[in-house]
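*Asks:* The primary structure of each chain is shown beneath.
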Amino acid sequence: MDSQTKQDKQVIDIKARFSANKDYPFGDSDDEQLWITEAKQGSQTAFYQLYEKYHRRIYALCWRMLADKDSAEDVCQEVFVVLWQKINNFRGESKFSTWLHSVATNVVLGHLRKHKNWLQRVFSIEEQGASVQEPSVNLTDDSTLTLLDQHIARLPERARLVFVLFAVEGYRHEEISIMLKMAVGSSKSQYHRARNLLKESLLANGFVSIEEEINHE
Amino acid sequence: MSNYNPQEHMHLNNKISDKTLAEQVAALPIEMTPERDLWSGIERAINHKSQEISVDKQRNVFMPSAWAASIALVMLMSWFTFSPSTNEESAPELVKKQEKNSVTQGQLVNFMQQNFKQQKQTLLASYGQPTFDKLPEAMQQELTQLSDARASIRKALLTDENNADLLNLLDFTQQQELKLLQQLYRQYQVI
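Going line by line, the protein sequences match chains Z and R. Once you know that position 65 of the first sequence is 581 in my numbering, the rest is easy, because the numbers rise by one and skip nothing. Once you know that position 4 of the second sequence is 7 in my numbering, the rest is easy, because the numbers rise by one and skip nothing.
Looking at chain Z on its own, in the form it has when it is part of the complex:
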């Protein structure tokens, strides 16, 4: 197993442990099943309960993928409107939260494609992506964001999308390659690029490389 694969596995293991935690708040409770059933029958009250439970999580996904507060809010709304229309397609074969996340991911990617020509986006961003970009998000703008989130928002778009989908959302590179219409290898290289850019960006903001620290000692 090469070092890169080990690191990827490490990320997955951490996420798996996190998901296995009893306090993980996104299990499908009995209430949730009831809300889903009633929402399928057209109950807006039940649908509101689902919204109340999940909208912060979906907003976080939108924010991380779009790196823009206003767009994230708009797209989060769009996700729940699409959810209302498509909820009858949820057949309980997976957890509702998993299914909702796939709906949300598709809506975000659709939004990105709709609002800018995909190729144009790729070419313009990839040119800029050779080095760490000027921050699109002012690091002092929003104190509610983690430092890491602020740095993720500064990544070039494709690298950011792959990083969020793989490292945060837990999709496999094969799935990401289909979603983003790229080769599996490109997804992997974008992920490694994102990780290197993140470390570079964090080091520039006062973080210390462990390797560097050892050398100094």
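Worth flagging that the hints you see were computed from the coordinates, not collected in a lab. Don't be surprised by glycine CBs; every beta carbon is placed ideally from N, CA and C. Certain hints may be false.
[Stated by the list, open to error] Here are the computed distance ranges between Cβ atoms for each label pair: (1) R:171 x Z:688: 55 to 61 Å; (2) R:150 x Z:611: 39 to 45 Å; (3) R:158 x Z:605: 38 to 44 Å; (4) R:134 x Z:719: 52 to 58 Å.
Let chain Z serve as the given structure and place chain R on it in line with the hints.
*Replies:* Leaving out everything else, chain R in the frame of chain Z:
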């Protein structure tokens, strides 16, 4: 979920390596709170949006039309396989009447075809000229099969003069196609 403390996370670890980065990613908050109220906009939107019927339910809804189309096809196949050849002596009354009225079978077929096209056009117009290719693939196939069946009967009628049964079959196929279209577009009014 516990409240997120940004300070705690920002100073979680100021030494960065692949491992610590992975740990910090895993520790990212699952939730973020939007600044504005999103529900009011969602509520307004869903008041005007209908819910899609699940794929399973759609299958059930389309069962009768699928049966009707299948029956039409079976009748058509049976006709071509088992129908006796017709001649002037055994020609049915309807055909004899046509001859007496000097209306040829070709003219009648054309009339039926024009009439069918008009009915189909009126039907499609009443549903806002929906797009055929947005129907489910299985339904597109049903419609194509019926349309092909109709074309085959018309072709057969050109070579088989004075055949009232075949004329009736053409009429039946046309009506089935119209019924199927009506059922489909009533279901897919949003298309």
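*Asks:* If a hint holds in the structure, say so; if it does not, say that too.
*Replies:* Going through the hints against the structure:
The hinted window of 55 to 61 Å between residue 171 of chain R and residue 688 of chain Z holds, with their beta carbons roughly 59 Å apart. At roughly 44 Å, the beta-carbon separation of residue 150 of chain R and residue 611 of chain Z lies within the given 39 to 45 Å, and the hint holds. Taken as a hint, the range 38 to 44 Å holds for the pair residue 158 of chain R and residue 605 of chain Z, whose Cβ atoms sit roughly 42 Å apart. In this structure, residue 134 of chain R and residue 719 of chain Z meet the distance hint of 52 to 58 Å, their C-beta atoms being roughly 55 Å apart.
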